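Using the sequences and the accompanying hints, generate a full structural model.
Residue numbers (numbering that gives the first Met the number 0), protein chains in the order written: chain G, 0 to 419; chain S, 0 to 419.
If you're looking for bench data, these hints aren't it; they were derived computationally from the structure.
Don't take each hint at face value.
What the hints assert, rightly or not - Computed Cβ-Cβ distance ranges for the label pairs, DEER-style:
#1 G:92 <-> S:67: 25 to 33 Å
#2 G:415 <-> S:301: 42 to 50 Å
#3 G:316 <-> S:341: 35 to 43 Å
No experiment lies behind these values; they were computed from the predicted model shown.
Beta carbons are placed, not taken as given, at the ideal position from N, Cα and C, and that holds for glycine.
As a plain string of letters, each chain reads:
2 protein chains.
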Amino acid sequence: MQSVSVEITQECKHVESYPHIEMDESYELEVSSSGAFIHANETWGAMRGMETLSQLVYPVHHRQLRINLTRIADNPLFPHRGILLDTARHFISKETIIQLLESMAMNKMNVFHWHIVDEQSFPYQSAVFPALSDRGAYDPVTKIYTASDIREIIHEARLRGIRVIPEFDTPGHTRSWGLGHPELLTPCYGEIEKDGFYGPLNPVADSTFSFLEKLFTEVMQVFKDERIHIGGDEVPLRCWASNPSIQNFTIKGNITKIKSVYHHFEERYAPYLRIYIACILSVGGGAIVWEEAFSSGAKLHEDTIIQLWKGSSLFGTAIAKGYRVLTSSCWYLDHMELDFASFYRCRELPYGAFLTMQRLSDQWLGGEAAMWTEHVDEEGLLSRIWPRASATAERLWRPVNQTFYPAGPRMEEQRCRMLR
Amino acid sequence: MQSVSVEITQECKHVESYPHIEMDESYELEVSSSGAFIHANETWGAMRGMETLSQLVYPVHHRQLRINLTRIADNPLFPHRGILLDTARHFISKETIIQLLESMAMNKMNVFHWHIVDEQSFPYQSAVFPALSDRGAYDPVTKIYTASDIREIIHEARLRGIRVIPEFDTPGHTRSWGLGHPELLTPCYGEIEKDGFYGPLNPVADSTFSFLEKLFTEVMQVFKDERIHIGGDEVPLRCWASNPSIQNFTIKGNITKIKSVYHHFEERYAPYLRIYIACILSVGGGAIVWEEAFSSGAKLHEDTIIQLWKGSSLFGTAIAKGYRVLTSSCWYLDHMELDFASFYRCRELPYGAFLTMQRLSDQWLGGEAAMWTEHVDEEGLLSRIWPRASATAERLWRPVNQTFYPAGPRMEEQRCRMLR
Chain G
0 MQSVSVEITQ ECKHVESYPH IEMDESYELE VSSSGAFIHA NETWGAMRGM ETLSQLVYPV
60 HHRQLRINLT RIADNPLFPH RGILLDTARH FISKETIIQL LESMAMNKMN VFHWHIVDEQ
120 SFPYQSAVFP ALSDRGAYDP VTKIYTASDI REIIHEARLR GIRVIPEFDT PGHTRSWGLG
180 HPELLTPCYG EIEKDGFYGP LNPVADSTFS FLEKLFTEVM QVFKDERIHI GGDEVPLRCW
240 ASNPSIQNFT IKGNITKIKS VYHHFEERYA PYLRIYIACI LSVGGGAIVW EEAFSSGAKL
300 HEDTIIQLWK GSSLFGTAIA KGYRVLTSSC WYLDHMELDF ASFYRCRELP YGAFLTMQRL
360 SDQWLGGEAA MWTEHVDEEG LLSRIWPRAS ATAERLWRPV NQTFYPAGPR MEEQRCRMLR
Chain S
0 MQSVSVEITQ ECKHVESYPH IEMDESYELE VSSSGAFIHA NETWGAMRGM ETLSQLVYPV
60 HHRQLRINLT RIADNPLFPH RGILLDTARH FISKETIIQL LESMAMNKMN VFHWHIVDEQ
120 SFPYQSAVFP ALSDRGAYDP VTKIYTASDI REIIHEARLR GIRVIPEFDT PGHTRSWGLG
180 HPELLTPCYG EIEKDGFYGP LNPVADSTFS FLEKLFTEVM QVFKDERIHI GGDEVPLRCW
240 ASNPSIQNFT IKGNITKIKS VYHHFEERYA PYLRIYIACI LSVGGGAIVW EEAFSSGAKL
300 HEDTIIQLWK GSSLFGTAIA KGYRVLTSSC WYLDHMELDF ASFYRCRELP YGAFLTMQRL
360 SDQWLGGEAA MWTEHVDEEG LLSRIWPRAS ATAERLWRPV NQTFYPAGPR MEEQRCRMLR
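Rendered as structure tokens:
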């Protein structure tokens with residue numbers, strides 16, 4: 000093969016943008032005796048075509064490389080195909096994150112969902128609230144992500160057509176926030192007085208919301224994406240219920256269920272995100288939330304994206320109510336008993352219906368394989384993620400209705416390719 | 000600390016030997032302000048003491064290293080503490096095997112059980128039967144273990160006080176043997192004629208036994224250890240039952256159950272191993288077999304060691320019948336659902352009784368963590384084995400009756416030490 004030509008029909012003025020939910024990743028690829036030719040509407044599609052081209056090359060004996068004549072017209076069916084990485088249970092270095100981005104590109108994945116902080120640590124270095132990482136990171140100097148680290152990661156991601164969506168999980172999963180800013184958390188009470196423990200973010204103090212507003216204004220500017228994941232999972236209500244100021248709030252507001260305090264939190268908090276994203280980034284965007292924010296009954300803006308992780312029981316309801324949905328329940332990489340085949344099969348998802356029902360293909364945006372890091376650190380990270388996440392990637396690119404068996408050898412070949 | 004002195008009371012004439020089941024691994028270690036002093040009866044104990052000494056050193060700030068004053072008298076309770084590595088499902092390079100040996104030494108493990116061949120491939124290069132690896136290896140040049148590779152591995156193991164016990168699994172698990180020597184396998188029959196498939200080694204042909212005799216004579220000279228593992232697990236009987244020459248054999252011998260053909264095989268085969276080991280290596284030794292060779296009812300020589308892998312139901316029977324036993328059921332590293340805690344707890348094993356019953360401490364020799372390689376290759380091997388096998392190592396060194404929780408942080412520290 001003598002040459003590779005790439006033709007992109009997109010106008011140049013859009014070329015500098017960041018990857019986004021509506022980017023066009025379709026491409027056509029022709030390998031003829033004279034060379035390879037890639038046509039794409041946008042640079043994002045050209046990237047996917049280049050990736051395919053590189054994967055068509057195969058080694059034969061005597062260190063020769065071969066490629067077969069072919070014509071391919073290809074496009075993903077789901078626009079959101081991601082990996083979630085938790086960098087709070089174990090800190091993961093910038094270098095490893097960039098390796099992860101490269102491995103995602105080999106699998107044509109396009110969203111890096113960065114679960115950057117959690118109970119255990121707060122490695123995000125904030126300019127407006129430096130105490131968050133000074134006190135909340137595992138180490139305030141070596142175990143943090145500076146603005147320049149994040150810029151570099153976003154730059155590397157963009158070169159591979161990958162969005163970087165940060166998650167700042169609230170109001171639960173916030174113990175580490177309290178190390179730098181104890182005033183944010185709810186003091187829990189025993190029968191008479193404070194018991195020394197702290198619960199979720201304080202949902203009734205105005206100061207909580209003004210803090211979040213300042214923090215998220217910064218986060219939006221740093222991260223560039225039209226979406227911010229604001230968590231909302233696993234919010235324990237006991238501590239809120241024990242706290243006198245929250246009890247007063249419920250009495251005044253005639254709120255009978257403590258769960259409604261959570262609605263109050265989400266309803267006061269999530270909408271402003273959408274407004275700020277529109278204002279600061281000049282794009283329509285908003286929040287992604289874990290499924291509990293939806294199942295709790297909070298009134299979420301229709302533009303909110305619901306991420307399912309506890310099975311698929313809410314899938315139909317969320318779609319019926321008009322929400323857009325991400326699925327991740329089948330693809331929890333920390334569950335060692337889920338093997339490659341179960342990742343691939345993921346029987347609970349209606350792949351078949353996706354291909355035939357307009358509503359589903361409009362609202363089911365895709366999914367993510369989730370790498371929670373309680374039990375894995377830098378050392379074993381990539382070998383924990385791959386090859387299983389290749390099953391997620393294939394299913395989200397083109398969820399044809401097929402059994403696992405023909406996919407097995409294909410995935411094995413992909414693994415070997417990735418190791419080369 | 001200024002100096003480390005090591006005193007070994009063993010006479011020099013024994014120093015050149017290979018590690019063996021009765022080696023003395025006990026040591027005493029004293030760290031005083033003047034230096035460290037290790038006393039051991041044999042070099043093997045001195046090695047364990049040096050390992051402990053290196054693990055007592057810990058880093059503090061400013062790149063300084065510290066060690067605390069201490070006195071330790073230590074010895075293992077089980078003499079056989081091993082890792083099984085399967086190099087037939089995936090070929091594992093010599094370099095990685097040596098890395099594994101080094102990591103075993105950090106955990107004071109002393110047996111490398113080398114499951115060198117199986118159905119899938121025959122990487123052992125035999126001088127007397129070169130066709131075995133020429134035809135049976137994944138690649139006859141790059142995916143084999145030459146005599147010099149094996150010598151080097153045994154040398155590296157010896158320097159770390161680790162025995163190398165080869166396993167040539169028979170009569171089942173032998174498909175790859177048939178690629179070079181089809182005459183060894185039993186042709187299976189359909190209703191009328193051969194169906195094209197092959198079963199286990201042919202148990203009624205004299206040629207099978209003369210082949211094994213020649214092969215094992217070589218193996219004993221190459222591997223040096225007083226034990227050879229001859230497998231005996233998962234022998235399918237259907238093919239034997241279908242074969243006319245085996246049917247004739249059972250009729251002539253008035254054998255009514257096909258299972259007895261298996262007894263015949265084991266009874267004809269295992270005893271000569273013991274005799275040859277005594278003759279060639281001048282030590283009392285013999286076979287290790289998987290539990291089916293025992294549970295099948297074959298008359299095994301009393302010196303045979305039974306390795307349990309299917310749970311612990313045969314543990315009591317084997318001990319009662321006077322056999323020595325190895326346990327490995329709790330420690331199957333390919334079972335991803337077995338986490339560190341379950342490796343550590345291994346509730347089915349009578350650790351408590353071991354400490355109080357003479358019979359148990361005489362006959363329960365130890366155990367092995369087993370790394371079968373259907374689902375893992377070179378790339379992820381060491382991170383699949385560790386840190387879980389550290390639980391096996393600790394349990395076999397000193398199985399004090401304690402819960403998992405205090406062990407957790409200790410194991411985590413050990414993992415960090417191994418990664419440094």
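**Request:** List, from low to high, the hint numbers that the structure doesn't satisfy.
**Result:** none
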